[in-house]
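Colleague: Take a look at the letters that make up each chain.
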Amino acid sequence: MSSDTPMGDPIAQRPQVAAASSAAASDLAIELIGINKRFGAVHANKDIDLQVRRGTVHGIVGENGAGKSTLMSILYGFYTADSGEIRVNGTPHAITDSRHALALGIGMVHQHFMLVDNFSILENVVLGAEDSAMLGPSLDRARKELTRLAKEYRLDVNPDAIIEDVSVGTQQRVEILKALYRGADVLILDEPTGVLTPAEADDLFRVLRTLRDQGKTIILITHKLREIMAITDYVSVMRQGAMVDTLKTSETNPEQLAELMVGRRVLLRVEKTAAKPGDTFLSVENLVVKDDLGVTRVKDVSFTVRAGEIVGIAGVAGNGQSELLESISGMRDQTSGIVRLKGTPLSLEGDDGAHRARKAGLAHVPEDRQRMGLITAFEEWENAMLGYEDDPAYGKGIILDSAAAQAEARERIKKFDIRPANERLKTANFSGGNQQKIVLAREMERNPDVLIVGQPTRGVDIGAIEFIHNQIIKMRDAGKAILVVSVELDEIRSLADRILVMFDGQIVGEADPATATEGELGLMMAGVTDKKAAAPARVAAQGQGS
Amino acid sequence: MSSAILKPLPRWADVVLLPILNLALAFIVSGLVVLAIGQDPLAALNAIVTGAFGNGYNFGYTLYYSTNFMFTGLAVAVAAHAGLFNIGGNGQAYIAGLGVIAVALPLQFLPWWITFPIAIVAGAAVGGLWGFIPGWLQAKRGSHVVITTIMFNFIAAAIMVYMVVNVLKPAGILAPESAMIAPEGRMPKLGAFIPWFKNTDVNFTLVLALVCLVGAYILIWHTRFGFAMRALGQNPTATRYAGMSNSRIIMIVMTMSGALAGMVAVNQVVGVQYRLVLDYVADAGFVGIAVALMGRNHPVGILLAAVLFGALYQGGNELQYVIPGLSKEMVVVIQALVILFTGAMEGLFRPGLQRIFMTLSPQQKAGAIEANSVKSGS
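Sequences listed follow chains U and L, in order.
Our numbering puts the last residue of the first sequence at 546; the count rises by one with no breaks.
Our numbering puts the last residue of the second sequence at 924; the count rises by one with no breaks.
It should be emphasised that the hints constitute simulated quantities derived from the structure, not laboratory data.
Possibly wrong hints are sitting among the right ones.
Unchecked claim - Pulled from the structure, derived: some chain U residues nowhere near chain L, Cβ distances all over 10 Å:
{"no.": "1", "residue": "Pro92"}
{"no.": "2", "residue": "Leu127"}
{"no.": "3", "residue": "Gln171"}
{"no.": "4", "residue": "Gly194"}
{"no.": "5", "residue": "Leu196"}
{"no.": "6", "residue": "Gly330"}
{"no.": "7", "residue": "Ala421"}
As the list claims (entries may be wrong) - One side only, chain L facing chain U, incomplete, derived with CB under 7 Å:
{"no.": "8", "residue": "Thr769"}
{"no.": "9", "residue": "Phe773"}
{"no.": "10", "residue": "Thr783"}
{"no.": "11", "residue": "Tyr787"}
{"no.": "12", "residue": "Ala788"}
{"no.": "13", "residue": "Gly789"}
{"no.": "14", "residue": "Ser791"}
{"no.": "15", "residue": "Ser793"}
Cβ atoms here follow ideal geometry from the backbone N, Cα and C, with glycine treated the same way.
Modelling step: build the complete structure from the supplied sequences, incorporating the hints.
Modeller: This is the structure in structure tokens:
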């Protein structure tokens, strides 16, 4: 395993073969020249040039809507460019669909895995690439090929494991194996680490490095600058449909990249003073919560949040954080346990539990704003009062005073700098960051004692992240108790005054963000606690949920 | 892929142009059918229009049918705003007759303006109950209203046969129907106020229907409850997040929907038939689905669609007398085609129209892409 250069590897030899023709072109696995793509008046890709060298990891960063996805979709054959040329290994190609892209050796690993949960890994790899009417021979061939790939790229998996039983990290390996099995030389990965623990992400990076060293080319789309710095050789920055710059990663830094992305200087670190915690405002005692399928997702969780502090819950997505948030805020029935607000137990049962929680002074910014926090088909002002529509400020009796509600919405639009500043616009037409501001304004302006925020900046542009973080800190400094749940460890570390780590439905540890290292937190997030007693046995007994 | 991104039509095109195109297509296909059996389509069209609007007598009957369709159309629309598909309007309208006759017979010697409000309440109560039960089953037990309401249509039909034959039918009468309501307890015909209508079946219940249209408009767009039910219809997870009780909204909306359908019984029992007969609903509940679809669940649209379907019913009835070659069955075919194209297939022209609009206006297209990227991008 230690020797990474298997003899007779055709891929490793290919660069030398190509070098014979043209020195400059031979280096390039992918070359995009003058790519233009318009959707009506929107110029999604403006005259884009991109050169991706063979055998490198090439990062592409940019805000939402910068055109990264469009560009990669053109490369992968989802869209055809209006003008421009795509060269694969120096030869121009008009890529018409993803099958064509695959035939040219371009594979894609999507952000959301495209796997059949109740199939085995082997079956998933073969799916869509069966080469005979009977399945048996295909599976046998695939099994041999998987063994070879596993050896070559150190991508070990158990081919007979069922997808739903394996960890998210393994599922991602399967996606990579699928692409390699289909002969991909160039791998496009779209936000690959969103669902991984830091350890799993490190593992992914190790795999990517191996692939690169074996001559594969990796294109990595991400918004995490840390990952760009950690793994890529080159990085291209896109802004508003244009390619701003391509840099050698070793010659740049996160601040410069952020500035290139946004077009102005951005503060990456949250600036805040030390917390001055006061009385306990929120206390959660022995909370047990089941999900819709009856599986216990929150297992006897207890913690408190005090006035004037931000408690962050770190953890990999799917370890019970969603159910915890939903039950504290009254959206989901709890099996047992007590949630107290300033000492008074909240009655949260029933499908109007959230209403009573709000009345008691608990505001909730949900982790999935489009599914929960907003009705995207409604106009902005209607969402600005969602959950508070029975407030007497919006009219007497059963009649709704829409003029009063709209006036209030206008004020908040100004205060939170929501764009476009039009309360009559459909909420779906606002960007992710502005939608999040609509929710934040609604929940914060009620002046609640306790604010619960799930994924504060998911899908939010860098520029708006800064604003949102500052608003949360302002709430804290006003003496409110704030609970933040995020799968972005960086966000938790910079925002929280106290970190709780959740794994498999339990709080497995507490850490001080000032002293805890990322490694320590990562281990806790993976369920490995260094407490000598009991912990290892428990971790061993639990498969990791996804 | 890019062709899949289509922006919703501008409102006027959605509300006016699309229904007109659908209607035109229905008439063209109907015309071809008429042509196929050797008749003149234009003469047939002329007969339908004259039969529906030609004089006060004809128009009165058109409005009488429209009254029923306004109620059933509203019943479907109110539920639809809350994301509920109530296809039990027929059963709710039918069984509500029990409530109406139960108060109309004992109170038959009182003036109509006393009987009328009581009959409304009784009809609404029984029709509402018939909507509430499926609502409760959905809210508390997760039984889908589409399944339960259609089952309740059959249950209502069976109960009504039993009640009419075994309970309400006076001894000595052969036909399966209740006793007649005395003239004092009958709803006045509109002809009594407006002589132009002559002695047609359109009666004071039409005023009730118009009041219900206005009331529904206020309810849906200008009350707190209307906000909650529209929110539920758009995103039930968000209403749970907001703490509106989804189960409560479902039960109230289904009750209101059933009560609105129940107003058909007021029109039929105290306004037209003056007794309870079998099958008096005559599938008005199902026509209401087409009316609501064509009227885009908006009271103004429902008013127009209800008059259109009323005209089709009335004009169609006249057609067979004017053109003997077109039988009653032919009329049913034409009505069915209109329902098919304006109701069931109302989206037929939508993608084509959207493409035309996007070609005509690049800004439209840009907006669509933006909206799409916001949706998928975050």
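Colleague: Evaluate each hint against the coordinates.
Modeller: Tested hints:
Every CB of chain L is more than 10 Å from the CB of U:Pro92 (nearest about 22 Å), matching its label as outside the interface. Listed as a non-interface residue, U:Leu127 keeps its Cβ farther than 10 Å from every Cβ of chain L; the least gap is roughly 22 Å. Listed as outside the interface, U:Gln171 is consistent with that label: its C-beta sits roughly 21 Å from the nearest C-beta of chain L, beyond the 10 Å cut-off. In this structure U:Gly194 is separated from chain L by more than 10 Å, as the shortest Cβ-Cβ distance comes to about 13 Å.
With a cut of 10 Å on Cβ distances, U:Leu196 stays outside the contact zone with chain L, its closest approach being about 20 Å. Against chain L, the non-interface label of U:Gly330 is violated: not every CB pair exceeds 10 Å, the least being about 6 Å. Its beta-carbon lying about 17 Å from the closest one in chain L, U:Ala421 satisfies the requirement of being farther than 10 Å from that chain. A cut of 7 Å between beta carbons decides the hint on L:Thr769: the least distance to chain U is about 5 Å, and the hint holds.
The criterion of a C-beta within 7 Å of any C-beta in chain U is met by L:Phe773, whose closest approach is roughly 5 Å, and the hint holds. The restraint placing L:Thr783 at the interface with chain U holds, with a minimum CB-CB distance near 5 Å, inside the 7 Å limit. For L:Tyr787, the interface hint holds, the least distance from its beta-carbon to any beta-carbon of chain U being 4 Å, beneath 7 Å. A distance limit of 7 Å between C-beta atoms decides the matter here; for L:Ala788 the minimum to chain U is near 4 Å, and the interface restraint holds.
Satisfaction of the interface hint for L:Gly789 is found here, the shortest Cβ-Cβ separation to chain U being roughly 3 Å, below the 7 Å cut-off. Proximity of L:Ser791 to chain U holds as hinted, the smallest CB-CB distance being about 4 Å (cut-off 7 Å). The closest approach between the C-beta of L:Ser793 and any C-beta of chain U is roughly 6 Å, which is under the 7 Å cut-off, so the hint is satisfied.
Going down the numbered hints, you'll see the structure goes against just number 6.
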